[in-house]
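Participant: Sequence order for the protein chains is A and B. First residue of the first sequence? That's 1 in the working numbering, and the numbers climb one at a time after it. First residue of the second sequence? That's 1 in the working numbering, and the numbers climb one at a time after it.
No false leads were slipped in.
Only pairs whose alpha carbons sit at most 25 Å apart, straight line, appear in this in silico SDA-like list of lysine to any residue:
id: 1; chain 1: A; residue 1: K269; chain 2: A; residue 2: K285
id: 2; chain 1: A; residue 1: K107; chain 2: B; residue 2: E27
id: 3; chain 1: A; residue 1: K213; chain 2: B; residue 2: E97
id: 4; chain 1: A; residue 1: K238; chain 2: B; residue 2: S77
id: 5; chain 1: A; residue 1: K213; chain 2: B; residue 2: D96
id: 6; chain 1: B; residue 1: K51; chain 2: B; residue 2: Q31
id: 7; chain 1: A; residue 1: K108; chain 2: B; residue 2: V22
id: 8; chain 1: A; residue 1: K209; chain 2: B; residue 2: E27
id: 9; chain 1: A; residue 1: K107; chain 2: B; residue 2: L65
id: 10; chain 1: A; residue 1: K209; chain 2: B; residue 2: S95
id: 11; chain 1: A; residue 1: K107; chain 2: B; residue 2: S3
id: 12; chain 1: B; residue 1: K49; chain 2: A; residue 2: G120
id: 13; chain 1: A; residue 1: K107; chain 2: B; residue 2: D23
Covered stretches of chain B, going by a simulated chain A footprint (3 or more residues, C-beta under 8 Å):
id: 14; stretch: 9-16
id: 15; stretch: 34-44
id: 16; stretch: 48-55
id: 17; stretch: 60-71
id: 18; stretch: 74-86
Residues from chain B shown here face chain A by an in silico Cβ test under 8 Å; the list is partial:
id: 19; residue: F4
id: 20; residue: G89
id: 21; residue: E90
id: 22; residue: A92
id: 23; residue: E93
id: 24; residue: S95
Quick caveat, the hints were computed from the structure, so don't treat them as lab data. Every residue, glycine too, gets a C-beta built ideally from N, C-alpha and C.
Residue-level listing of the chains:
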Amino acid sequence: MRLVEKRKRFESDPIVADEEPQAEVIDAFNDTYVDNPEDASPMFDLITAENSANPDETFETSEVIEQSPAESSVRVSSSRLANMLRRTANRLDSSSERLDDVKAVAKKKLGAFGRAALRGTSALDEFALGASAAVAEKGVAIGTNLAAKGLAVTDRADTALVNKAAAVGATVKNKYGNALESATGNVADLGVALLDGKDKITGSIENVKTGAKNRLTSLKEASLKRRQARRAFYASTKEYAVKARDRSVKIAVATGPMLEKGMDAVGTKMMSGQEAVAGKIERGKTSIEATRARGRAILELSSDARLDQNQL
Amino acid sequence: MTSFITLELLEQAGIDLGGEDVDALVEHLNQTLEERVGAEVVASLDDDKLKELSDLQDTGTDEQLVDWMTTNVPQLSDITKDEIDIIIGELAESSDEINEAK
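The following block holds chain A by itself, in its conformation from the complex (with noise of 0.2 Å):
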């Protein structure tokens, strides 16, 4: 079966319909299940476990997904690696081992991350040849071309944006739509934050050649819309198997009382069979001894016959 076609039967299951399943499960399940929940299974203290987190110090998978895909950005990727750390240090135990500023590592560790990945590929090359090829093509005409032919690229580029929206689900689209629209307004923030650094900047931008400004804002138009596609597609993704989780331990607790109650009934055929098994036992050894009497009885009775008849 396809990915949608699970996903669309998955989302219209009423099961996953409602939005905070935990509280509602735990709750059913004290009051269904036994009387006191503390003694009744791993699952129990699994589920508590996971509601009685300190926010604070962990990281809620949901936290990120309800982020836009607009939103989802350095800051977010950064805080989400922050709450990481922050949970492995705590797990140290030891305020000496404990990271002074767990942000400032995320950050450097994204930066690492972003220095292999950049390592690992070959787009420099690529962008490198391809700009060295529009260049050579110089005039307000050929720019003018180059721009058009740009905005080909970004109309692709929102086809297909459309084509991912829908291959993830109309919820998912509808959820998303609007930040995915909101690109333009994502791309002044990109700019701010290239911006932000200025203080930093002493050197100038002495010339952007004709025709290569209007190159280099269309494809970055269609590598933003291409940015925005992928990150609607992995936040689905997450949003999927959180409520896969969510529908796991659904199903586990709904099951369980009914697993109990199976194994219940199971026990007490076991029992009844055995207790009747017991009595069986017991009245064939009383008809066993009543035979044996009355075996007893008539060789007795035999046994006098035959000494009288000798006696006559």
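Following the hints, put chain B in place on chain A, whose structure we already have.
Facilitator: Structure of chain B alone, referenced to chain A:
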């Protein structure tokens, strides 16, 4: 610091830089690029994979990190290429603003 965006690359793209300390601009561009690519990589990973990557970054070599990336990060080449396009596009668009800040 490894420079992925260089003066030569920018020149090829049609952007001519000048000034006494143009290297600071290039360094800033590369730092921003690395963080953005790193953010996209993190966004693409689930929690288990992210933990694996973070641990490898603490304990493994640079080469192991690169190998892990190419194996485990979907669309890695597209991610890096797009982020380069975006940052150079932003630079071209912001050229006037950057020059005014001098």
